[in-house]
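Q: Take the two lone chains, each set in its own frame, and fit them into one complex as the hints suggest.
Residue numbers (my numbering), protein chains in the order written: chain A, 610 to 1016; chain R, 104 to 563.
Check the hints yourself; a few may be wrong.
[Unchecked claim] In silico EDC-like cross-links for lysine to aspartate or glutamate, where the CA-CA straight-line distance does not exceed 20 Å:
1. A:K851 <-> R:D531
2. A:K851 <-> A:D913
3. A:K735 <-> A:E699
4. R:K539 <-> A:E844
Worth flagging that the hints you see were computed from the coordinates, not collected in a lab.
Just so it is clear, the structure is predicted and the values come from calculations on it, not from any experiment.
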Amino acid sequence: MTADATRIRSLDDPTLFVDTPATIYDAVPPYPPRSEREAEFYHLRDGELLINLGPQHPSTHGVLRVVLKIDGERVVDLDPVLGYLHRGVEKICENGDWHHAISNCDPLEYVASMFSEAMPVLACEKLLDLEVPRRAEYIRVLAWELNRIASHALFVGWLALDLGGLTPILYSFIERDEIVEMLAALTGQRLLFNYLRIGGVNGDLNHEFMSRLGDWMSHAAEQLDNNQKLLNENEIFVRRTKGLGTLDRETALRLCMTGPPLRATGIPYDVRRAHPYSVYPELEFRIPTREEGDSYARYQLHLDEARESIHIIDQVLHQMPDGPVMAQIPRLIRPRPGRAWIAIESPRGQYGCFAISDGSDQPFRLRIRDPSYFNLQAVGVLTPGNLIADTMAIMASLDPIMGGIDK
Amino acid sequence: MSALTRPWGHLTLAGKIILPLVGLVIALTLLLLLGVATGVIPALVLFGGSLVGANLPIVRFIVAASAILLMTVPTAFVIIYMEMKFIAFINMRLGPNRIGPWGTLQSTIHGFKVLAKEDFTPTGVDVPVFTLAPVVVYLSAVMTLLVLPFAPGLVGVDMNIGLLYFFGIGGLNVVGLLMAGWSSFNKYSLIGGLRAAAQVISYELPLTLGVVGVIMLAGTMSLNQIVLLQAGSFLDWFVFQQPLGFLIFFIAAVAEGNRAPFDLTEADSEIVAGFATEYSGMRFGFFFFAEYVAVFILSGLITVLFFGGWNAPLDLNPLLNWAGLSVNTGLDFGRLGVGLLFLIALGPVVGTLLLALPFWMLRSDWSVLKSLVIGFLLFNLLIMGAVGLYLAISFEAVVGLFWFIAKTYVFVFVFVWMRGTLPRVRIDQLMGFAWKWLLPAALLNLFVTALAVITVDAIR
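Next up, chain R with everything else stripped away, as it sits in the complex (with noise of 0.2 Å):
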């Protein structure tokens, strides 16, 4: 109680930061005691339940794309990590370990730090141009995220057309990579924005080819239905059905992400960083973000198109039925009763000292309160894995996008994989291997596709 006797200017750092939000906690919650008393509070709540009822799609509209774009930059964060410390065990290096647990903060702090830096604008660049590309790349990025499906229920916008979308809005970014390099007033990102133009023009086409013998299997380009299609074991994924589609739209999908080994965009050691050579700070960051967001987006729509999306590889609940270990998912809490109320108030207390006596005992060195810090600890990550289990098997969202995120991750590690091995290819050998290559597998592909599904037609 001493801080509340202590002049303001004795006050640590931490009663500084403590004592006015102790403040405001109160303050808040008289106003609240006061508005339910007065009858303000419910009329408020009343009435924006009212609101969001009446405007519910563009409600969720707008919480979908604000949680798409507050998504993306820890995406991108984990993403340059994952690059940062996988590249570094590939070349036999530590990688970053100083800034978090196992450095796992330094993609943030580079965050950070290129917020922080100078928005430089160089001497001749045409200014409006330049300053809007890195928005126009990000945002085409950032958009086709719309309409992943991460989970049962978890899209942006179960559009019929999804695909169309993807990749009409995807195809966008090349729009941002050329202005880029035309305003920037550089010849090497002159060079890079024309590269850029050239590369996912021509990858476009087999991306897209390679995907219509998927949709003529699907029936619907709808990306929510096609992950519905794949529902079952992990047979049922199309890139049984489709292997040479897949490998086109993998390749096809690098190139598009403008990463190694087709990375001529910004090939460092050719045309030193391409498009973005004359860009610094936050813009430059944008461009940064874009591609990790990039690599993410397609990661995730191999996944859904390719490998069940949120499907589950094993549905689990028949075998579990079968070896009798089903689980009453209609756990309720109503029925305790009494014990409801022992549980809330003595559940934490008694485990904490559970979890903290052992410590106590083997530890002699540690003080008591050290070993109940620990216990505590312990107790709620206990606690959490176990309600984060009964989410599991009782929510479909959650295991839905835990098995996204885990096949997204997989195609992640594979971009970064690449990058740490493969040289870079040559500019006539990206667009050789693009136009005779590619683009004629993926018209065999899609003629026999369609064969195949008028010979099964047919038959039926």
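For reference, chain A alone in the conformation it holds in the complex (with noise of 0.2 Å):
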């Protein structure tokens, strides 16, 4: 028995010392293992060792915690932990009414908000068989394709960031907060936008936004092409990301992911033209697909969408009709009791949303399904065997965002 003094103060108990504090550093959860898979992941066999990232962690992207078991460099498997971020924004949609709900979804993809405060409102829309004007449209397919470019060009930055570069995020911020900017000045907001209402949009388009939009679309493309140099032909990005994490079409299909992961491993699957909504149909643009299905094809897929969503702005600002912006609806909308599903296309991929009406003027059930989610199961498949540094790679070229994850 040792002397009090050279034994450690636990850190739960103050008045207790033990011998080493070390479980309580460990990344072990303090309940038994509630399944199989739990009990095999935290049993560590020699030279194991488990690490907590996140849920402060410089590269997880919010509050995503995943725990890590390492071999020395190498990650033998990982077992993410949701949840940090769990505000119950589905329940909580359930107790207001439905145009509570469009702000209550606006923090679940909070880097392009635009998309997920879209849900209630395209949900309700359908359920009550809404037309929308043809000028409202036009401004949603604006407001989102701009929303689509500062979200693609803030991943950008992250990717290379979390490959520990400096510099690309600050110009990735530089032409994200140019678009932000912009659309302060259409919804009065630079993150939350709430500018979406049930039946068209909050307002029209101004005279600042229109300004602001005519400098930005003069070097849009060009600047796009300018930041993109930095990393492009680096030798060091270009060998730390191609073949990294390569996915499969069978598995990017079987763990039911969207948006440019899935269109990385060449399946052309965008919402936008398999199940066209909003004025999509008039417009023309492609859809970019990459073979390879790694990080590389990933962060050049966002680029490539980012090219195409520039054309899409362009179009739609010559087509722009004139007319109202907001459809004449009663301010208490009760639509019919019935269901409906409606998706749209979000930088991340498939942005659904199940709703469920009994007839009152509140949702009986909003059910989001987020694309995020469903990306960020592929970390799972893709990481195990590759070292620690692969890790951030991956998860930042599948571009999680934790408030759709944890909802």
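A: Printed below as a string of structure tokens:
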């Protein structure tokens, strides 16, 4: 028995002295394993080590916690622990009326909130069989595509930051800032826009927005190319992303992945074309795909999509009709009882919403399908066998947003 | 004179500071006069002089060591400021611009900040090792400065095995990093420490082998001699005879200093802060300073080995002589006689007035005093410039120091530039690069250099 002074005070109970406080720092959960998988994962073989990546870690994009089982530098297995950002959005939406649901859904995809806030809007419009004015539809497409570029620009920066590059993230933020300022002129907010309304949008295009948009359009494509120069031919970047986290089509489909990670495997599934909504059938655009399915393909695909979005914005500006931006609907909305499923293409894939109405002014159920959640599943398939540093490259290339994953 | 008549409590802050100082100066002057009059001070000076003369090597070593220790902190401050500002410009930001002119004092404030922070030891750490680790890392960086020749005659210790000493002491820093990683009781630190061990030891080989070519050409390991051998124009620098050696050495130096793109030991997006995760306050500050001092030292070593050290790229004196602009550096003030007195007495006054006159005449909104202050400052600047120029022409040390610092900071800038633009390599790529590419290239360089040396000798 050693003297108390030489032993270490426990962090759990300051009156207690323990031989080693090691257990309190371990990633092992404080309860007995709940499943065979958990029992297997938290059983360490010789030379293996568990490390906690998150929930507070520089590169887990929010509060994702991933428990890595490593053998030296190599990741053997991993266990993502979700729920640190859980707010119960779906339940909260049931307690307010349909209009409240818009702002509740806003922070789900917080870097591209124009998409998540469209969920209750589009679902309610489908339940109401509402005809939205064409100008409003065009403005929505304009806002969506702008927000998509803002989100994709940030993706490039994040990927580079997680690979250790300091500069691209700031270039990305310069590009994103222009768009965000533009949308702030339109909506009044920089992050959570709360702009879409059931039956239209909150306000018509204004002068400041149009002038900022004109400024930005004059150099958007050029700026995109310039920002990408720092990474595209960078030997270190290419070597670290090419062939890393290669996803084949079957796995991607089996994991219900959508959006850029799926299209990077060569499957041209884009909700804008597969299940057209809004005015996308009237617009001409390509669905870029890549065959390789690795991190580099995902990175290239994001850039291609941003270019297509610039093309779409160009067309929208040319085809924008005149007219009202809100349909004539009553303030108190009571959709008929029924169910509706809507899906749109967010920067991260298919953002879907299954809504049930019981005839009251509140949604009876609002189930939101967040693409990040399904895309993040691929981390478990792709990471084992790679190095610790690759975990970040893979995770960043899947571009998860924790707001939507934890809901 | 009102300060003397006022009670202490009614003085302003400036008065409270100045009055004791004035008293102190008067007391010291009186003491000095008394000492000289009684013959105590001349005796002390003589005794001290003989003591110093008897133990010159020891005194020299102590002075050099203290000067180098004192030099590291401002050097680190300058490089940290450079890094903040240059990376900000690369990022299209403004960078630090609040503290001091153009934010130049920002890094000083950072230094004071880490000093003022709590000296925190987390639960579970191995306390003695945890405490010693920053010291080891810092000292290994600082001690290598001892053999770096800054200018002719301005070198801590001119060892004949300077380069060997450099690598020997510089290699110690991996011990410190490993100590920090092991003792921190943190898995990120552990990974960082082990990465440091793997990386630094692997790159030690190409680092040393890359220089062997230079050693063979120079025939000595004394850094001072290596610099002397490169005297002449810039074509005599070893970089032109050892381009491959320079490339290998530079890449290995970046890895050795744990700088981007090889900063895996503190890869913030992977292992938080690596070996420094659990450190805070001045303990972290030591790691931080050591990193930047290491950047300076490695840049300095690159300069010394491959870019001629303190030699000027072109010797300007023949050119000046040819143009008939030769400067008489043997200016003797004693020959001026009474003129010297006039120069000292009237020069500053007349100069200040002359320089203040245009301001006073042109800026009607400035008071006479303001013009005088500006004139005085300008006069001082001019005199300082003139004295500096005089020293630069006649003192080799000053001009040598200038060239050494200028060349070194070019490489410091390259280090910073790389940090701003490149992503980080992966650990397997890092090790593969060292063992598969750098080491064979270094051996090839060694072989070719040896062959060339033998051939040249045979021809002669």
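Q: Take the hints in turn and mark each one as holding or not.
A: Okay, the hints, checked on the actual structure:
no., hint, in the structure
1, A:K851 <-> R:D531, "15 Å, holds"
2, A:K851 <-> A:D913, "17 Å, holds"
3, A:K735 <-> A:E699, "19 Å, holds"
4, R:K539 <-> A:E844, "17 Å, holds"
The structure shown violates none of the earlier numbered hints.
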